[in-house]
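Protein sequences, first through last, are from chains H and E.
Quick note on numbering: the first sequence equals residues 1 to 206 in UniProt numbering.
Quick note on numbering: the second sequence equals residues 1 to 206 in UniProt numbering.
No wet-lab data here; the hints were simulated from the structure.
From a predicted model like this one, the values you see are computed outputs, not experimental measurements.
Where hints are given, some of them may not hold.
For lysine-lysine, the following BS3-like pairs were computed, each having C-alpha atoms within a straight-line distance of at most 27 Å [claimed, not checked]:
id, chain 1, residue 1, chain 2, residue 2
1, E, 187, E, 69
2, H, 143, E, 60
3, E, 143, E, 187
4, H, 143, H, 187
5, H, 60, E, 60
6, E, 60, E, 143
7, E, 64, E, 143
8, H, 60, E, 126
9, H, 60, H, 187
10, E, 69, H, 60
11, E, 69, E, 126
12, H, 125, H, 187
13, H, 126, H, 187
14, H, 64, H, 143
15, E, 60, H, 187
Protein chains: 2
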Amino acid sequence: MIRLLLVHESGLLRSALASVIGAEPDIEAAACSWRDARSRARSLQPQVCVVDTDSPAADKAARKGEWGKFVASASGEGGDCGLLVLVNSERPGPLRRAHEARALGYVDKDAPPQRLVEAIRQVAKKERYVDDALGYGFLQAAKIPLTERELGVLSLAADGASIPEIARTLHLSTGTIRNYLAAITRKTGARNRVDAIRISQCEGWV
Amino acid sequence: MIRLLLVHESGLLRSALASVIGAEPDIEAAACSWRDARSRARSLQPQVCVVDTDSPAADKAARKGEWGKFVASASGEGGDCGLLVLVNSERPGPLRRAHEARALGYVDKDAPPQRLVEAIRQVAKKERYVDDALGYGFLQAAKIPLTERELGVLSLAADGASIPEIARTLHLSTGTIRNYLAAITRKTGARNRVDAIRISQCEGWV
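Just chain H, with the same shape it has in the complex (with noise of 0.2 Å):
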């Protein structure tokens, strides 16, 4: 019996894909938000946790770095709890986040049900398992312009804060955030900085 948790920030969408998940005779599903999800990560210890990452609360718990620590809780003493990420093809940020975050399995959100079970089955035997429809998804995850320093200038301009308050948070004169601000509107095409933003946001680098 593979013992299963799964994150979603929607109840009605999580308990709708646990039950047909559940339905399954090898797999016995259990689910919850991200606010609960590191204390039964604890009181389960699931041999798979499945994650959707396209969402603002998943964007919002990585950059807090809940992750991590889910999975740790999750693989308890025993350390044994593979990552099954569910990623939309189109935003490469959460696809190179759970490839940070050593994530084993990567389904498309787009993919049959049948493929998620199947993914499941692979990542509790401890092997990888990577959904075709992702291959684009790599390759834009790969190709992101921006460097980490960049990003996080980007995501704190993203957060509303003036270039005096990012030189502060990153101890850096305002001059260099200047710079960085530049080379990231430049690198992304973008007319100004909001555009920048904006860029990023969309592909989901941020």
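Dock chain E against chain H, hints included.
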């Protein structure tokens, strides 16, 4: 038998939800993406359309006026398709939009599936259904502090347009746009224009 069409961008989640709802003896559920929504609605002529309002695809469809066309296609000559929306109680913008599109049913995305089933039966009888959990969301929707004109200016700014571009698009002077942006920044309690965009996106107004 209630014929139902569910519109959601993710193939995985819409299949799961349709299969859970379709397990009810009196409901026949089909599901599709926004891209296929109008043609599927025309051929199926459902009594109830269920739309997830809380996604970038739904926002985009709304901006392009697709919602009204979709409901019109579903209603056909008989004109009797009821719109039921799934809403995120923390995003008043889509809730207001659903109300403008004359939705008959409103269900919280965090509700258990059984509540959606109840709502479907109610809407199929042409009766209003409003999820108790959405009271706060409705209050918030009524409290969006910006006028339609200000939301229009903000929405162009959020798309990366400069002040002269916004002025040209709306046939107004750059001075007027500056005044609008100053009013928006003040009314949203933002630190600056980028912050006003961020706040309005977080609140789900644009």
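Query raised in the report: Broken hints, numbered, in rising order?
Result: Violated hints: 1, 8, 10, 12 and 13; rest satisfied.
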